[in-house]
Amino acid sequence: MRRHIFRKVALDRLSSPDQLDLMVQVTTPMGWAAFLIIALLILTAVFWGIWGIVPTRIKGEGILIKTGGVYDVCSMESGQITAIYAHAGEIIDKGQVVARLAQLDLIEEIKVIKTKLSELKNERQKILAFETEDIKMQKEHMANQRKRLEASIEYDETRLRWLKEKLADQEWLLKSGIIVRKDYIETQESINAVHEETKKKQNDLKQLSIEEFQLENKKKREIRGADQKIKQTEMELNQALNKFENSSKVLSPYTGRILEIVKKEGETVVPGAPILNLEGVGGRVKDLEAVLYMPASEGKKVQLGMKVQIYPSTVKQEEYGFMVGMVTRVAEFPSTRLGMMRILQNENLVEELSAGGSLIEVFSDLIPDPRTESEYKWSSSRGPAEKIQSGTLCSASITVFEQSPASLVVPLLKKHFLGIGQKRFNAKKATN
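Just so you know, we're using the numbering used here here: the sequence shown kicks off at 362 and counts up by one.
Calculated from the structure, these hints are not laboratory results.
Each statement offered as a hint is correct.
FRET-style restraints, in silico, Cβ to Cβ: (1) 450 x 475: 38 to 44 angstroms; (2) 533 x 577: 51 to 57 angstroms; (3) 689 x 762: 15 to 21 angstroms; (4) 627 x 589: 40 to 46 angstroms; (5) 487 x 571: 25 to 31 angstroms; (6) 542 x 567: 36 to 42 angstroms; (7) 659 x 680: 26 to 32 angstroms; (8) 556 x 589: 46 to 52 angstroms; (9) 420 x 607: 44 to 50 angstroms; (10) 748 x 400: 51 to 57 angstroms; (11) 420 x 633: 32 to 38 angstroms.
The C-beta atom is built at its ideal place from N, Cα and C for all residues, glycine as well.
Taking the hints into account, I'd like the entire structure generated from these sequences.
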């Protein structure tokens with residue numbers, strides 16, 4: 362007897378025509394849902410590939426500073442800093458004294474000049490005292506000489522009158538033959554001798570007047586010479602004092618807020634050495650601006666008016682986003698270390714930024730927004746609840762080009778499948 366593998370009920374059910382009118386289910390609802398999702402994704406990808414935008418960005422590092430710039434206040438002379446009259450954060454005026462230097466050489470020079478001036482003044486006093494006594498004695502001697510000469514002249518004049526009377530009498534006696542001619546001639550010779558003597562004494566009297574005049578002038582000349590020496594030395598002293606006053610003071614040539622005190626009291630500086638640096642304030646200074654350094658190979662793609670995404674180092678990017686700026690200037694040539702130092706005022710930062718190669722300097726204004734606490738526009742609604750200070754380091758990103766994804770894919774497809782781009786590349790390579 363054959364053994365039945367299937368039950369009779371099961372065989373009857375299979376042979377029964379029930380449910381032959383029902384449609385066979387090939388695809389489930391879950392399958393249709395998956396199909397629709399995949400189709401939607403493909404359509405979205407196609408739509409994005411044609412009408413979507415892929416930005417090309419250039420990134421860089423920089424600093425936020427006032428538009429007035431950052432300046433060094435330098436010493437004009439060499440010397441040791443004895444005092445600093447300012448501190449970081451303080452606003453100082455143009456021409457304000459910010460430090461003082463010790464000028465030992467000038468101090469010694471001033472001491473020497475003061476000693477010389479004191480000696481000259483003492484010498485003048487001695488000249489006055491000596492001249493007064495000496496001239497007094499000489500004048501007394503000259504006065505006595507004058508009296509003697511005048512008395513002698515007066516005596517000679519009296520004797521001359523007597524001799525003339527005698528000569529007249531002798532002339533009558535000679536004519537009368539009472540005296541000889543010899544007596545008459547002797548009297549005439551005596552008159553001539555008295556005339557000569559009187560003339561000589563009168564000349565001596567005139568010479569004495571000249572000597573008195575010269576004596577008085579000599580005194581005036583010596584005093585005038587001493588006064589000239591004193592005046593010259595006083596001028597030298599004033600010049601040395603002015604030089605000391607000017608060279609010992611370090612003046613700020615700008616009005617601004619001090620960012621950093623570079624030197625400290627007791628340090629020795631040379632001419633041109635910075636003592637502090639400050640940012641400009643006042644009517645010429647507007648808002649903050651970003652000074653950015655981009656790779657020189659890419660920086661020339663940046664154009665005026667391009668928008669800039671600026672990320673201050675003091676603000677959480679994931680919480681507040683970025684500040685919005687606009688390019689206002691792009692340097693024509695790569696930046697030098699000296700030029701970067703003039704802006705950044707930090708040698709380590711300059712070294713760090715320039716380590717990657719040549720950089721292009723890009724300036725960007727920050728777009729103002731009075732609704733935010735910082736008063737600048739942010740990608741978030743309000744931005745951080747704090748002011749952004751000058752001197753804040755930042756990073757930045759500039760979108761230099763936007764294109765659809767299809768424009769990126771098509772050249773690759775042409776190159777790899779049709780070899781169009783590759784042929785041009787090979788031809789160009791062969792030409793070179």
